[in-house]
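Dock chain Y against the given chain L, drawing on the hints supplied.
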Amino acid sequence: MPEEKQVIESNEFNRREFFVKLGLGSLSIAACGTAVFAYQFLSPNVLFEPSPIVNAGKPGSYPEDSVTLDVNSGIYLIHAKEGFFALSAVCTHLGCLTAWKPELGIIACPCHGSKFKRDGEKIEGPAPKPLPWLRTWVSDEGDLMVDRSVTVRPMEFVRV
Amino acid sequence: MAKTIGNYFDELRGTRVWRSVFRGGTGSSTLRRSLAIQQNVFLHLFSTKVRRRMVGLSATWYLGTLTFGTFLILVVTGILLMLYYHPSVPQAYADMKDLQFVVSSGLFLRNLHRWSAHAMVFLVFAHMFKVFYRGAYRPPREFNWVIGIILLLVTLFLSYTGYLLPWDQLAFWAITVGSNIASAVPLFGNKIHFLMLGGNLVNANALLRFYVLHCMILPLTAILFIAIHFWRIRKDGGLYAQQSEPKTLAARAAGSAAAKGAQ
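Heads up: the protein sequence lines correspond to chains L and Y, in order.
In this note's numbering, each residue's number is its place in the first sequence (first place is 1) plus 1.
In this note's numbering, each residue's number is its place in the second sequence (first place is 1) plus 1057.
Hint data in this document are derived by calculation from the structure and do not stem from the laboratory.
Any given hint could be a false lead.
Ranges between beta-carbon positions, derived for each pair [claimed, not checked]:
#	chain 1	residue 1	chain 2	residue 2	range
1	L	M156	Y	N1168	49 to 55 Å
2	L	V139	Y	I1207	54 to 60 Å
3	L	A36	Y	V1269	17 to 23 Å
4	L	L98	Y	G1294	53 to 59 Å
5	Y	Q1148	L	Y40	27 to 33 Å
6	L	Q41	Y	G1294	43 to 49 Å
7	Y	K1248	L	V21	33 to 39 Å
Ideal Cβ placement from N, Cα and C applies to all residues, glycine included.
Here chain L stands alone, though its shape is the one from the complex (with noise of 0.2 Å):
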């Protein structure tokens, strides 16, 4: 009976393609570690950059209807009726720092033609999103404090 002899063999347990399996399967996790630990070594854990946190000064230094640009932070502060408020410079676009023209009174971006009103809110050009206002609040010194990685709803006035 030759068939019934070759049903057998192929159940028999096969020791190579065991080994193979196991050896493609180590291989495979081991390759799995080695992209998790190229992201993990790629990635800084400490990174000396700036605190988002900025002391604007003392708000009486801003001239009510005032537009200050702070260029090292990349934040404007802008003295309006209603009361103080910070908004970010960094266009929504690609990240250029955007500049405020009074004779025109709007906020505009040199690298890609973007414009914004004075609240951040878009008027023409790429950028996708207004300039985002930022948490502003005043320090028990008095000073004007800024938080530039948190963002808060448009019109939230400080009032000092």
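Chain Y only, in chain L's frame:
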């Protein structure tokens, strides 16, 4: 009888030292000349014989060769510039200015590097247009076109990473814009941005990462794929020339054209 320079050269080629380096032996027979190609590590990738037409100006315009030439200039001048350049925030810009105004021949080497980089990007595109319009990407060379696309990307990444190294306003804002384009990738965009810059801002980590990419990782990738590219030219039947198109392909093209005409 006085010896000619040729006699001296033949004598040199007969010495034991020469024979230990070039084992092909002396003489200009076809066998010896073939061995000279086969037994040279740089030339053995190539066929021992090619048609004269294949290496002629008319067949290539030398665009690929010129691209490779600019690459060699960039490697040599780049290594020399590395001797005076520190990839650190306080020094990078000053080192670039020193290369322009203080280092002997620094201005020449920096400009050579810069102009060759511009020329390389231009030549890569010219080479690709030439290959495309002459139809040299068609079988059996279609895989070499893919290798060429990889080399195009490596060239553009080399240009992009090198753009940051002068550490001036142009460099800073160009990389800010470019890295923000990367963060437009769906789902992983911000992660790619963070890994690329080694932080959230174009800063010391970004400068160092771009330096390592520009001076080590990308040039080695380029060399690897250039070697494959050149090897494939010969293995895929040599440089493309209209007359060398295999008869079977020409017949197939004619057949499909005839079939279309019949419909």
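Query raised in the report: Within 49 to 55 Å or not, the Cβ separation of M156 of chain L and N1168 of chain Y?
Result: holds, 54 Å
Query raised in the report: Within 53 to 59 Å or not, the Cβ separation of L98 of chain L and G1294 of chain Y?
Result: This hint holds: roughly 54 Å between Cβ atoms.
Query raised in the report: CB of V139 of chain L to CB of I1207 of chain Y, is that within 54 to 60 Å?
Result: Because 56 Å falls inside the window, the suggested range holds.
Report task. For K1248 of chain Y and V21 of chain L, compare the CB-CB distance with the range 33 to 39 Å and indicate the outcome. Result -> holds, 35 Å
Requested in this report: Just tell me: holds or violated, for the beta carbon distance of Q1148 of chain Y and Y40 of chain L against 27 to 33 Å?
Outcome: 30 Å Cβ-Cβ, so the 27 to 33 Å window holds.
Requested in this report: For the range 43 to 49 Å, tell me whether the beta carbons of Q41 of chain L and G1294 of chain Y fit it or not.
Outcome: holds, 47 Å
**Report entry** Range agreement (Cβ of V1269 of chain Y with Cβ of A36 of chain L, hint 17 to 23 Å)
**Finding:** Given a distance of about 20 Å, which is inside 17 to 23 Å, the answer is holds.
Violated hints: none; the structure is consistent with every hint.
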